[in-house]
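*Asks:* Chains as they are written, first to last, in the working numbering: chain A, 1 to 422; chain H, 1001 to 1422.
By construction, these hints were calculated from the structure, which means they are not laboratory data.
Every value quoted in this text rests on a predicted model; they were computed, and no experiment measured them.
Wrong hints could be hidden among the right ones.
[Stated by the list, open to error] Over the 12 Å line for every Cβ pair with chain A, so calculated as not near, a few chain H residues:
#	residue
1	R1030
2	M1066
3	L1069
4	S1380
5	D1397
6	D1411
[What the hints assert, rightly or not] With a cut-off of at most 30 Å between alpha-carbon atoms, the simulated BS3-like pairs for lysine-lysine come out as follows:
#	chain 1	residue 1	chain 2	residue 2
7	H	K1144	A	K31
8	H	K1189	H	K1144
9	H	K1144	A	K24
All C-beta atoms in this analysis are idealised placements derived from N, C-alpha and C, irrespective of residue type, glycine included.
The residues making up each chain are set out below.
There are 2 protein chains.
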Amino acid sequence: MSLIVQKFGGSSVANAESIKRVAKRIVETRKAGNEVVVAVSAMGDTTDDLLDLAHAVAPIPAPREMDMLLSAGERISMALLAMAIESLGHDARSFTGSQAGMITDARHGAARIVDVTPVRLREALDEGAIVIVAGFQGFNRDTKDITTLGRGGSDTTAVALAAALNADICEIYTDVDGIFTADPRVVPKASKIDRITSEEMLELAANGAKVLYIRAVEYARRHGVTLHVRSSFNNNEGTIVYNPSETEPAVEEPMIAGVATDLSEAKITVVGVPDIPGKAAQIFTIVAKTGANIDMIVQNVSAASTGLTDISFTLPKSEGQLVLTALRAEQEETGFKALQYDDQIGKLALVGAGMRTNAGVSAKLFTALFDAGINIEMISTSEIRISVVTRADTINDALRVVHTAFGLDADEEAVVHAGTGR
Amino acid sequence: MSLIVQKFGGSSVANAESIKRVAKRIVETRKAGNEVVVAVSAMGDTTDDLLDLAHAVAPIPAPREMDMLLSAGERISMALLAMAIESLGHDARSFTGSQAGMITDARHGAARIVDVTPVRLREALDEGAIVIVAGFQGFNRDTKDITTLGRGGSDTTAVALAAALNADICEIYTDVDGIFTADPRVVPKASKIDRITSEEMLELAANGAKVLYIRAVEYARRHGVTLHVRSSFNNNEGTIVYNPSETEPAVEEPMIAGVATDLSEAKITVVGVPDIPGKAAQIFTIVAKTGANIDMIVQNVSAASTGLTDISFTLPKSEGQLVLTALRAEQEETGFKALQYDDQIGKLALVGAGMRTNAGVSAKLFTALFDAGINIEMISTSEIRISVVTRADTINDALRVVHTAFGLDADEEAVVHAGTGR
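Turn these sequences into a full structure, and let the hints guide you.
*Replies:* What follows is the structure, given as structure tokens:
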């Protein structure tokens, strides 16, 4: 008997009809002879509605109470889902994050899982029940308080349960057919990826692919959980995200997995930095203190005549003002001339195995962009990724030409559904 | 320093504005130097909305999951209330029924409190925080499952907390100014009762007064908790429901506390019962097996010529068909001739101390009704109550004439708000 963990996002359980549809799907998996554990998000707009209420009663809602409030969302969806399954004649039991043994640290709103003790889930499974768990939420042992895991928390819940219960697979149900070689809303001929390593998936997610959250993929990679990202609207096979065994032969030829784009970042350029040892360290120490998530860093070649250089880096737009303020406060001590802030950039990342060792990949990427008249402003590479920064308004063109240049276009156009999850 | 428990029902926290208003009121009590524990119901229509969802996904929702679902309602209101208080600059912490130590039996949907262990509440109070507790919900130690207390559960939560924390008073906030001598919607000159014993309050509640639930009053009486029923819309003194000390002198003159009416009952008459010993016992054994809540019982004088008698009793309309079916199934064995079912009855109860020992009270009651042309169909008395059954369509007239006859009319008309709580 296999143990399957299934995750359904908010758009899959948006109303009573959707919940009944998902219940049928879960029962089919059980009938096929599997043990089933389900992680479920709050229904559709519930979380947004609760956030609106919170801000209507308090300008800055207390974080502990915010978590208490938001955790009501999954409580509703999981109880309804369990009821719907029971009315189909199968035993089902819902469990809160705390009941499921999802132990976290005490950071309200962005808690990290520190332990999973699914004793009650294992008992319920042994008694033949289908287990429904509230996604997104946990429990801190010291404060005894409810916590939430932040963005993508339900994905992380599912993966953590799969790891703790030693599940055979963790199915992430979503409103698209799987992971695509590019965003199908921009590149209609994007093709579904059948198999991708967790490392490549991590790069795609970190570079703007929205289907899976980075934290969930990281957790899956660290704990050896295999993911199956698939649609809740059909029975098609989706995308398997796997951890290659160490004995698997290394890739000789570059294998492009996909292309991701991201418009959520901004670029800060520190202009006229004295080109003496330790200056870059000084600047990034200031930035690090703000807690900002720096992505790409480029240092220009110093002009010999001035002894000054420019340092550029990208970071989420939401953190831009914070970092600018921190740098300005230390301008005199650091000795730079000026700061430039540019929030009209787009980032494109080409992800796949064997990339760095094959110079032809970069050449083909740069040529495709040049032929399309798209200017490259920054470049960064890793073992399995090449990222470039362009103007924001050219990013979709860039995505299409790169997708075509690397032979990723499918014969038919992909079907796209709308929706978001948490 | 006094410890005050305050209960706010669903209509008092129906939206963000109401929640902010209630938060201010709670903070005022804290600022006056009191420790404050608040029991809160779900916002306005939340419970009805959740019930609708449950019935949309499952024809007969599983009771365990129903409790899990409904308990989300107070989780939302209590977190919002705590946020609103914190934004007024006071430390506040919300606790679920389980966190508050509200231990119940395992009867989902109608759980009984078996123990209250408010360790975390006492800690939070000692740290200077205002404590907000989810009304209506508890936790079963054996199954480790969430339970709900059923109708009036939030009142019961408040009273149980007041008893366990040895509170000085338990304030029940509602949308009326207190307990009235009669329903002000029917008797505009009904007057607010300043003080009433818990025993009298119990009779009023049991006979149709909707402001307080019987279970909460019973709990308060058993544990010696003093209640203060008052409006959340003004600062007027409401009604004190107290437990008279044993040394208090017995009442000599009848003191009428109030008049309650109830249209929720029906009358079943078992016609032509053989007038031999044991027949009544046989009939009520059948009725008892259905679990129905029998109220008034009247056995007619037997007609000597036939050796047959009629037995009538009242019970909630919702239990009528169940009891009729049970009686019909045993008709042959019991030997009665027929069953009559009458759901067009109204019940009026006059409540007050020293009632039975003063024959003048019954005489005045019957005379008032006779003068108004209202026929009495059944009569039942207790130490502090006289109840009569009339036609349903005469009950409001009956209420008004009795209220006037016993000198209960106030000089001014009462102000009435609409709304319900749970």
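*Asks:* Compare the structure with each hint and give your call.
*Replies:* Each hint, compared with the structure:
Separation of R1030/H from chain A is adequate, the least Cβ-Cβ distance of about 16 Å exceeding the 12 Å criterion. In this structure M1066/H is not separated from chain A by more than 12 Å, as the shortest Cβ-Cβ distance comes to only about 7 Å. Separation of L1069/H from chain A is inadequate, the least Cβ-Cβ distance of about 4 Å not exceeding the 12 Å criterion. Under the 12 Å C-beta cut-off, the non-interface status given to S1380/H relative to chain A holds; the minimum distance is some 42 Å.
Listed as a non-interface residue, D1397/H keeps its Cβ farther than 12 Å from every Cβ of chain A; the least gap is roughly 45 Å. Every CB of chain A is more than 12 Å from the CB of D1411/H (nearest about 40 Å), matching its label as outside the interface. About 28 Å separates the Cα atoms of K1144/H and K31/A, which keeps this hinted pair within 30 Å; it holds. At roughly 50 Å between alpha-carbon atoms, K1189/H and K1144/H are farther apart than 30 Å, so this suggested pair is violated.
For the hint linking K1144/H to K24/A, the alpha-carbon distance of about 28 Å falls within 30 Å, and the restraint holds.
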